[in-house]
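Undergrad: Listed here are the chains, written in short residue letters.
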Amino acid sequence: MVAIRTPLIDRRDFLKAAGAGFVATMAPRAWANTLSTDAVFATAFVKRDGSFGAAVLSEAGKVLHAIDLPDRGHDVTFDPVSKRSVVFARQPGTFAVVFDHTGREAPLTIASITGRHFFGHGVFSADGGLLYATENDFDNAAGVVGIYDACAKFSRIGEFPTYGVGPHELLLLGDGRTIAIANGGIETHPDYGRAELNIATMKPSYVLVDRITGDLIEKHELPPALHQLSIRHTDADSTGTIWFGGQYRGPGTDRPLLVGRATRGKDLALLDMPQDVLSGFRNYIGSVAANPAAGTVAVSSPEGNSLAVIDTAAGKVVATKALVEVCGLAPDGPGFMATTGAGDIIEGRGATRSEPDYVWDNHMLRIEAVA
Amino acid sequence: MLKRFLPVLVLPLALFGASPASASVQASEIIQRAIDGFVRPAYASLHDHAGRLAISVKALCDAPSQAALDAAHAEYSATVEAWSSAEIIGFGPIKENNRLERMLYWPDRKSIGLKQVQAALADKDPTATGPAQLAGKSVAMQGLGALEFVLYGDGAETLAGKDDPYRCAYGAAVAKNIETMAADVDAAWKAPDGFAALWANPGPDNALYRDGTEAVTELVGVFINELEMVRDVRLKGFLGAKPEADKPRLAIYWRSQNTGLSLAGNLAGIDALFEASKLGDALPEDSRWMAESIHIQLTNGVATAKSIQGPIDKVLADPAERSKLEHFALITSSLSGLIGTRLTAEFGLTAGFSSLDGD
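Chains as they are written, first to last, in the numbering used here: chain A, 1 to 371; chain B, 1 to 359.
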């Protein structure tokens with residue numbers, strides 16, 4: 001494992017590094033204001049020159065801060081207590097990088113332990129003390145959640161099973177104790193890169209696990225006919241209902257429903273969608289994000305170049321948008337900020353900013369005023 | 001239907017249907033050439049070889065002899081070569097009914113297939129000798145991997161004599177099942193109103209390919225994904241970063257010594273598909289060199305892989321032979337860069353980033 005440390009940089013260097021355009025439009029005071037009053041957005045990216053990193057964006061979609069990564073990142077999670085973000089390597093990556101949003105502190109690299117790799121997602125406990133990450137116990141083809149102590153340089157202090165194969169996104173539920181995990185059901189092994197080894201027999205599931213005891217609380221599977229619908233991404237709406245988006249690994253000519261809801265104690269319920277909306281996803285949902293204040297959930301498909309917004313109470317699609325290589329989504333005002341593989345950042349109110357040097361990665365996280 | 005929002009890279013994309021009539025015709029033409037010039041002949045050839053393979057295994061069972069076993073071996077290798085070329089088209093009819101996994105369950109990391117096949121042989125499971133019943137069993141028991149163990153694995157020498165009729169009967173069922181799948185996929189691609197018509201006729205009412213760009217992205221995705229698969233899954237699954245890390249027993253088709261033939265077949269298929277589609281003709285004049293370079297490197301890769309013969313553990317133990325495998329890896333990496341980055345940039349397709357990654 002390569003430890004990645006970018007040198008400490010002070011504010012002047014940071015401003016220089018952030019580029020002339022940035023300096024020209026934003027004085028240091030404005031930068032400080034941005035940090036203290038506005039939300040920011042964090043996302044991983046690939047640069048057109050082939051390098052990798054993670055960035056913090058302003059509400060207007062400007063790059064405020066960026067760190068280098070040794071390989072492609074995936075999702076970012078944030079600890080509101082220490083005010084640091086963690087970006088996870090894309091599967092089958094073996095690193096996660098903890099960074100603050102100013103660059104004052106050097107980023108800290110977490111290496112996965114022998115026999116495990118990350119799946120690209122993680123979440124903090126409410127007190128910021130523990131970090132939980134979905135990981136692959138690849139020799140046993142078993143999903144686990146690795147537990148890291150944020151107060152001890154993120155040393156790994158244990159793990160518990162996800163009770164399924166190929167776990168992907170995980171969420172800490174409102175009780176602060178239950179973790180919801182999407183087990184995508186797909187077996188992979190780093191010896192074979194990202195090759196999917198069990199498509200004929202895959203069995204995805206959605207589970208609730210007690211993060212203190214590691215016990216399984218609930219486990220739900222899809223009907224057998226949908227065993228090839230990999231449950232991968234999730235978010236919680238204002239009522240605590242978990243919305244999930246799937247990716248179908250069966251024949252491309254099939255058109256299964258892809259988005260569903262999970263409520264405690266009930267079977268998973270897939271959401272009916274108009275055929276034309278469903279066709280626009282090409283059997284692939286890449287990201288799910290809720291906007292609790294607006295009562296909506298958005299799902300995106302970089303394969304189908306489209307996104308849809310769902311009214312959570314009515315359970316109906318209320319808007320769709322065609323957008324090339326859209327994937328990253330985060331609540332923004334009455335709508336959603338969206339990012340694309342073509343480098344576009346579309347604000348919730350519709351303004352578009354283009355950063356053609358950046359291929360924005362699959363996910364974006366909204367972080368409320370932090371400083 | 002969603003209104004398509006087209007990217008800023010207008011010029012190259014216009015080739016595949018951003019502007020009305022003439023442009024979408026060009027995407028259709030590229031795909032039609034790919035289907036007629038590669039996909040249909042490749043699956044027809046697989047059907048043909050699988051048919052001969054089934055006949056040869058049945059002949060072996062009817063009149064066991066070393067000559068009959070040799071003949072079955074030859075047909076097996078020919079079928080592996082045909083499959084290795086056809087399998088690069090891993091979507092459409094081959095994706096239905098788990099055919100892709102039933103044709104070849106690999107990698108079999110936990111030796112699931114091997115254990116199931118050995119159990120069937122040990123128990124003389126009568127339900128495994130009927131091709132129709134076999135088709136409903138575990139995917140690992142049905143395809144080229146299972147048949148390879150029957151024809152080449154421990155105990156295969158008995159096939160030349162009359163001592164183990166069960167083993168031969170099971171092998172015949174596996175071969176017949178492979179032929180049935182190959183026949184079904186061949187017929188499905190040949191059907192005028194089947195998947196081929198969907199792929200070659202993108203449009204707003206097409207459920208799968210709503211414009212020329214999506215149809216061409218599927219084609220370019222074959223080159224990108226299969227080059228990565230050949231290198232990262234097929235080759236690096238057994239070729240370590242250093243010789244100490246080599247795992248000869250994890251090499252595909254090591255029992256039948258068809259590893260090199262299979263790697264060659266994969267690249268030969270990619271080359272034939274690229275040439276048949278004439279995708280290179282859609283490049284601007286000053287980028288035509290890419291098409292030529294792709295063809296030259298693929299030809300080079302095929303020749304390199306074909307020169308890798310004999311038991312794969314011996315190949316790995318001989319530095320000169322092993323370096324051929326490293327050279328092959330290098331060729332596929334170079335091709336990945338050329339096609340995945342440069343060619344896609346010429347066409348304004350950002351394939352290879354978020355849309356093709358499966359996360």
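Since the hints were derived computationally from the structure, they do not count as laboratory data.
Where hints are given, some of them may not hold.
Ranges of calculated distance between the beta carbons of each label pair, as one might list FRET restraints [said to hold, decoys possible]:
(1) Asp276(A) x Thr341(B): 46 to 56 Å
(2) Gly203(B) x Gly193(A): 57 to 67 Å
(3) Gly315(A) x Trp289(B): 48 to 58 Å
(4) Thr127(B) x Ser51(A): 51 to 61 Å
(5) Lys219(A) x Ile112(B): 33 to 43 Å
(6) Cys151(A) x Ser293(B): 37 to 47 Å
(7) Pro41(B) x Asp71(A): 32 to 42 Å
(8) Ala183(B) x His220(A): 55 to 65 Å
Heads up, simulated EDC-like pairs for lysine to aspartate or glutamate below, C-alpha to C-alpha not over 16 Å straight-line [said to hold, decoys possible]:
(9) Lys242(B) x Asp127(A)
(10) Lys236(B) x Glu218(A)
(11) Lys247(B) x Glu157(B)
(12) Lys242(B) x Asp184(B)
(13) Lys110(B) x Asp139(A)
(14) Lys110(B) x Asp191(A)
Pulled from the structure, derived: some chain B residues nowhere near chain A, Cβ distances all over 12 Å [claimed, not checked]:
(15) Thr129
(16) Gly240
(17) Ser287
(18) Trp289
(19) Lys324
(20) Gly348
Ideal Cβ placement from N, Cα and C applies to all residues, glycine included.
Undergrad: Look at each hint and say if it fits the structure.
TA: Outcome of the hint check:
{"no.": "1", "hint": "Asp276(A) x Thr341(B): 46 to 56 Å", "in the structure": "violated (33 Å)"}
{"no.": "2", "hint": "Gly203(B) x Gly193(A): 57 to 67 Å", "in the structure": "violated (35 Å)"}
{"no.": "3", "hint": "Gly315(A) x Trp289(B): 48 to 58 Å", "in the structure": "holds (54 Å)"}
{"no.": "4", "hint": "Thr127(B) x Ser51(A): 51 to 61 Å", "in the structure": "holds (56 Å)"}
{"no.": "5", "hint": "Lys219(A) x Ile112(B): 33 to 43 Å", "in the structure": "violated (24 Å)"}
{"no.": "6", "hint": "Cys151(A) x Ser293(B): 37 to 47 Å", "in the structure": "violated (55 Å)"}
{"no.": "7", "hint": "Pro41(B) x Asp71(A): 32 to 42 Å", "in the structure": "holds (40 Å)"}
{"no.": "8", "hint": "Ala183(B) x His220(A): 55 to 65 Å", "in the structure": "violated (40 Å)"}
{"no.": "9", "hint": "Lys242(B) x Asp127(A)", "in the structure": "violated (45 Å)"}
{"no.": "10", "hint": "Lys236(B) x Glu218(A)", "in the structure": "violated (39 Å)"}
{"no.": "11", "hint": "Lys247(B) x Glu157(B)", "in the structure": "violated (25 Å)"}
{"no.": "12", "hint": "Lys242(B) x Asp184(B)", "in the structure": "violated (43 Å)"}
{"no.": "13", "hint": "Lys110(B) x Asp139(A)", "in the structure": "holds (9 Å)"}
{"no.": "14", "hint": "Lys110(B) x Asp191(A)", "in the structure": "holds (13 Å)"}
{"no.": "15", "hint": "Thr129", "in the structure": "holds (22 Å)"}
{"no.": "16", "hint": "Gly240", "in the structure": "violated (10 Å)"}
{"no.": "17", "hint": "Ser287", "in the structure": "holds (18 Å)"}
{"no.": "18", "hint": "Trp289", "in the structure": "holds (22 Å)"}
{"no.": "19", "hint": "Lys324", "in the structure": "holds (21 Å)"}
{"no.": "20", "hint": "Gly348", "in the structure": "violated (10 Å)"}
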